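Novice: Going line by line, the protein sequences match chains A and B.
Each number in this note's numbering comes from the position in the first sequence (counting from 1) with 3 added on.
Each number in this note's numbering comes from the position in the second sequence (counting from 1) with 3 added on.
No wet-lab data here; the hints were simulated from the structure.
All of these numbers come straight from a predicted model, not from anything done at the bench.
Fair warning: there could be bad hints in the mix.
Since the list gives no way to pick one copy over another, a pair counts as held whenever it fits inside one copy or between any two copies.
What the hints assert, rightly or not - The calculated SDA-like cross-link candidates involving lysine to any residue, where the alpha carbons are at most 25 Å apart (straight line), are:
hint: 1; residue 1: Lys105; residue 2: Tyr55
hint: 2; residue 1: Lys179; residue 2: Lys220
hint: 3; residue 1: Lys179; residue 2: Ser223
hint: 4; residue 1: Lys82; residue 2: Ala47
hint: 5; residue 1: Lys93; residue 2: Arg65
hint: 6; residue 1: Lys200; residue 2: Trp46
hint: 7; residue 1: Lys218; residue 2: Val140
hint: 8; residue 1: Lys26; residue 2: Tyr55
hint: 9; residue 1: Lys147; residue 2: Ile225
hint: 10; residue 1: Lys189; residue 2: Ile41
Protein chains: 2
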Amino acid sequence: MDEMNPEAVIDALSIDCLIFGFKKRELDILLVQHGEGISKGKWALPGGWIKYSESIDESANRILNDLTGVSNIYLEQLKAFGDVQRYPTKRVVTIAYYALVKPENYIPRAGFTASDAQWFKVSDVPPLPYDHHQIVVAGLQYLKHKVRHEPVGFNLIPKKFTLLQLQELYEAILGKKLDKPNFRRKIMKMNFLEPCKEKQTEVSHRAANLYRFDKKKYNSLIEKGFTFEL
Amino acid sequence: MDEMNPEAVIDALSIDCLIFGFKKRELDILLVQHGEGISKGKWALPGGWIKYSESIDESANRILNDLTGVSNIYLEQLKAFGDVQRYPTKRVVTIAYYALVKPENYIPRAGFTASDAQWFKVSDVPPLPYDHHQIVVAGLQYLKHKVRHEPVGFNLIPKKFTLLQLQELYEAILGKKLDKPNFRRKIMKMNFLEPCKEKQTEVSHRAANLYRFDKKKYNSLIEKGFTFEL
DNA sequence: GAACTTATAGTACATTTGACTACAAGCTAC
DNA sequence: GTAGCTTGTAGTCAAATGTACTATAAGTTC
Chain A
4 MDEMNPEAVI DALSIDCLIF GFKKRELDIL LVQHGEGISK GKWALPGGWI
54 KYSESIDESA NRILNDLTGV SNIYLEQLKA FGDVQRYPTK RVVTIAYYAL
104 VKPENYIPRA GFTASDAQWF KVSDVPPLPY DHHQIVVAGL QYLKHKVRHE
154 PVGFNLIPKK FTLLQLQELY EAILGKKLDK PNFRRKIMKM NFLEPCKEKQ
204 TEVSHRAANL YRFDKKKYNS LIEKGFTFEL
Chain B
4 MDEMNPEAVI DALSIDCLIF GFKKRELDIL LVQHGEGISK GKWALPGGWI
54 KYSESIDESA NRILNDLTGV SNIYLEQLKA FGDVQRYPTK RVVTIAYYAL
104 VKPENYIPRA GFTASDAQWF KVSDVPPLPY DHHQIVVAGL QYLKHKVRHE
154 PVGFNLIPKK FTLLQLQELY EAILGKKLDK PNFRRKIMKM NFLEPCKEKQ
204 TEVSHRAANL YRFDKKKYNS LIEKGFTFEL
């Protein structure tokens, strides 16, 4: 049977990846240009078929890496999309994954069946095939909600960051100005930022302290009933 | 091909339903006993195969109705589970759905391949086959989070309810005692509960006022920027 | 009516939030 | 150097909110 061949795919089940980046106060998403198949030449979310030999999580990572060269990021499942007519030639249910990354760390390079891979501003995404637009909308909506209830923003800025960088990120995502002293106090009181004991360099003003997100601290706070809210 | 037959199923893709109820201060889930197949006799989440002719949402509703007689509820997608070895005889990815219902409105009656259908206390769930335990845990975790950020709890209690009933629901889900006067004040200040101008009946103590959740009020608050938090 | 149960109101204190002020530290231009 | 700029960091204060209570009211059971 198919399942005996480790390269065989489940032909009714695919993965699509929605990768968010953040550059110059703009949210970006990563698209690939199809190099073959029925949608050749079109820009679309990086996606592909799930193999019998891999879990769906593994599948998402492999597909993303094959098509764009992006690897070792934390892909999380967004949602399955399974309308009867979402795919033109046959019935295909797709499981969408998403991730937040720092674009400067992930220069996409097209691979496998993709002829190109590039970041697009969310505000300037080309027409997408299948129900990919719907997936993007669902992902954006989810991100908007998630960012207020979980400290996912840290995935979008450098490991070591200043409090102002963090504040500007939130201002951009939440779409409003925040008071500087109050933001600092609120974030610092949450107690999961670790000072790096280093300062900013190469800035033409007083250098700010650098901090990093301490996941261990955060997790232990969560276990004690803490909930992140911003 | 398979897809031409409207009864044909996608044999690598299933649905499992996680239905929560609330009775006597306890959270329940709805299980069915398999009447045939490799897990005959075992209690499991109501589940089945997705047909080529139906969307995954439709599939979830049909399967739940076939097996338990429960219909017309709002099923929401929880997550897809796709470990390679999650199903014993072949590779199957399942999409889990969940819903919150008032058990008194939904007396389960077994149907189709199920020989029985019953509510089980969450604290007293029998051993479940496949990765169904993992699905239940994921669902509970999600519910626990969701219930604090959205007023979904009202789906689990009668339309007209007392504040103590509501409080007991939250205590059951969150797993901790809440202070009565403070809970009342907080909920009432949110301003989306409408007094029914009726009182409890048939209770052997002072009758409490009945309230109902006013979805219109809630929605208009949301539009003004209000966020539910508990 | 006494004892009990649950409903509901109120109070006092601590904590958090939001708007704002003050000042320190490092750069640049003169 | 110093004036003037930018950004960092600390603090104040009143209002709102949350927390831990106490008190009392309104029924039921015996």
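Novice: How do Lys179 and Ser223 come out at 25 Å by Cα distance, when the copy is not named: within, between, both, or neither?
Specialist: Answer is between: at 19 Å across copies they meet the 25 Å cutoff, but 30 Å inside does not.
Novice: State whether the alpha carbon distance between Lys93 and Arg65 is at most 25 Å within one copy, between copies, both, or neither.
Specialist: Intra 23 Å, inter 22 Å, cutoff 25 Å: intra and inter.
Novice: Between copies, within a copy, both or neither: which fits Lys105 and Tyr55 at Cα up to 25 Å?
Specialist: For Lys105 and Tyr55, the Cα distance exceeds 25 Å both inside one copy (32 Å) and across copies (39 Å).
Novice: When Cα atoms must be at most 25 Å apart, do Lys200 and Trp46 count as within-copy, between-copy, both, or neither?
Specialist: For Lys200 and Trp46, the Cα distance exceeds 25 Å both inside one copy (43 Å) and across copies (56 Å).
Novice: Between Lys147 and Ile225, at a C-alpha cutoff of 25 Å, which is it: within one copy, between copies, both, or neither?
Specialist: both (21 Å within a copy, 13 Å between copies)
Novice: At 25 Å max between alpha carbons, let me know whether Lys82 reaches Ala47 within a copy, between copies, both or neither.
Specialist: both (17 Å within a copy, 23 Å between copies)
Novice: With identical chains treated as interchangeable, where does the CA-CA distance between Lys218 and Val140 reach 25 Å or less: within a copy, between copies, both, or neither?
Specialist: between (29 Å within a copy, 23 Å between copies)
Novice: Have a look at Lys26 and Tyr55 and pick one of within, between, both or neither, based on CA distance no larger than 25 Å.
Specialist: neither (37 Å within a copy, 42 Å between copies)
Novice: Classify it for me, Lys189 with Ile41: is the Cα-Cα distance of at most 25 Å met within a copy, between copies, both or neither?
Specialist: neither (50 Å within a copy, 55 Å between copies)
Novice: State whether the alpha carbon distance between Lys179 and Lys220 is at most 25 Å within one copy, between copies, both, or neither.
Specialist: between (28 Å within a copy, 23 Å between copies)
Of the numbered hints stated above, those contradicted by the structure are hints 1, 6, 8 and 10, listed in ascending order.
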